[in-house]
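J.: Required output: the full structure, derived from the provided sequences and hints.
Residue numbers (the working numbering), protein chains in the order written: chain A, 1 to 90; chain B, 1001 to 1448.
Simulated from the structure, these hints should not be mistaken for laboratory data. Treat the hints with caution; some may be incorrect.
What the hints assert, rightly or not - Below, computed lysine-lysine pairings styled on BS3-like, alpha-carbon distance capped at 25 Å:
1) B:Lys1065 / A:Lys23
2) B:Lys1167 / B:Lys1404
3) B:Lys1392 / B:Lys1117
4) B:Lys1065 / A:Lys73
5) A:Lys19 / B:Lys1065
6) A:Lys3 / B:Lys1065
7) B:Lys1405 / B:Lys1167
8) B:Lys1240 / B:Lys1311
9) B:Lys1167 / B:Lys1117
10) B:Lys1065 / B:Lys1117
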Amino acid sequence: MTKALISVTGLDSTGIIAKVATKLSEMNINILDISQTILDGYFTMMMVVDLDGAHLRFEEIDRELQPVRDELKMTIHMQRMDIFDAMHRI
Amino acid sequence: MIETGEILQTMRMIQEENFDIRTITLGINLLDCSEPEADRCADRVYDKICYTARNLVHTGEEIEKEFGIPIVNKRISVTPISMIAQGDPVPIARALDRAAREVGVNFLGGYSALMHKGATNADERLLASIPQVLSETNLLCSSVNVASTRAGINMNAVREMGQIIKKTAAMTASSDGLGCAKLVVFANAVEDNPFMAGAFCGVGEPECAINVGVSGPGVVKVALESVKGQPFDVVAETIKRTAFKITRVGQLVAREASRRLNIPFGIVDLSLAPTPARGDSVAHILTEMGLEYAGAPGTTAALALLNDAVKKGGIMASNHVGGLSGAFIPVSEDIGMIEAAAAGALSLEKLEAMTCVCSVGLDMIAIPGETPAETISGIIADEAAIGMINNKTTAVRVIPAVGKKAGDTVEFGGLLGHAPVMPVNSFRNEAFINRGGRIPAPLHSMRN
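T.: What follows is the structure in structure tokens.
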């Protein structure tokens, strides 16, 4: 399974999770885990997703997220989960 | 499952603490390109490099994007050119520079000669061509091994290298002697070093290999900020833990690059390599331990602890460790070292002492343009002696700044940084250097 972490940060507004999740669902990307907090009006969400179902390459998926970034005016960052596993798990 | 705190820690290391993969270096064997006719040999070299490294830069960028970790440099190291150049090596040098530009790497190392015991005719031709080659090419790096623990010190080569460094500085005077920043003199050079300017692909290496150098002095410095005032046991443990994490990412990138390029994984170099950027300094790790500047009494001990802890932490994180592995202490490439030299806290002699306990040697040090060739040779001989006796790699990369004296500044730009010109001991040594010959290899027992 190719897992990726999608982090979404920026000023809180209505419908952030919905919009990101809808986009992912359109690309057939399954959400495995989700955590979200708001600190001082600052929205931080982390999603672990499974990329195997998507028919797009990594950079294409990242490009598809661009309209969501623009619409929500939030930073959306996607990176392979392996880097966190490598660093924090033996 | 990875916890949010862990994810944030990784992100902070990359975004705020300058953690990066310093280099993916592709080692390429060129022995099969050797031809009596120089131009034909140059063509074969060019073709082989362009073919083997065709996907290197693109793949590096792909990994960078997918894993969210910057890979600062993509580089190539090749078989020491004196081993394949049967005639004039200069056309091969030009082909190497062209090939490096064609595949998009930022440096190519291996314009090298291994002459710790003696010189072949090809070694002599290559040495003589170094000043011209480094002044005419942009991406080519050169290194010469003049000593080893098993062979002793080739003092003829040491004498010659003093002159070659002077000549290279003179021929690249308009760029503050930049040519000398691309030239290293080694003792006990390693065959799988991914770092420039000393990378080459040794004869014991496979057809090609991926070698990766990690970095992250900023990460270590920040980690030590959380253990202020605590005993050295805690300092060492903190560095080990941090080095482990850094190296695990290096291993991941190396494995991924190797898989995507279908080129065997060689080694991860467990290094702390600084850049001139603030927050990316090895010297600032030493000051974080409690020294006012790098160079203050205690610096050698601090560096010894750092170097050893980096290796201990890193070694379990990678299945093959190699290269130079340790902390680098270049002067012009480290803001903390620049500050220390400018404040008068750091002398050439203290740097020499520091090289006894760390990764390499006297690195990126600007010296007065007037410094005689014999003095440079003397510096090389001293450094080689430290390497030879202590069974470690040492190196000299000094830059005589033409027309400048101690206290002036030289500017190389980019990763190479800037540096104050450091004073050099001016007592004479011509009669010593002009002896030539070989300093015999040391005894390998009774090691006190």
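J.: Now tell me if each hint is right for this structure.
T.: Taking the hints in turn, this is what the structure says about them:
1. B:Lys1065 / A:Lys23: holds, 20 Å
2. B:Lys1167 / B:Lys1404: Judged against 25 Å, a Cα distance of about 16 Å means the pair holds.
3. B:Lys1392 / B:Lys1117: With Cα atoms ~17 Å apart, B:Lys1392 and B:Lys1117 stay inside 25 Å; holds.
4. B:Lys1065 / A:Lys73: Holds: B:Lys1065 and A:Lys73 sit about 21 Å apart, inside 25 Å.
5. A:Lys19 / B:Lys1065: holds, 23 Å
6. A:Lys3 / B:Lys1065: holds, 15 Å
7. B:Lys1405 / B:Lys1167: holds, 18 Å
8. B:Lys1240 / B:Lys1311: holds, 8 Å
9. B:Lys1167 / B:Lys1117: holds, 24 Å
10. B:Lys1065 / B:Lys1117: With Cα atoms ~46 Å apart, B:Lys1065 and B:Lys1117 exceed 25 Å; violated.
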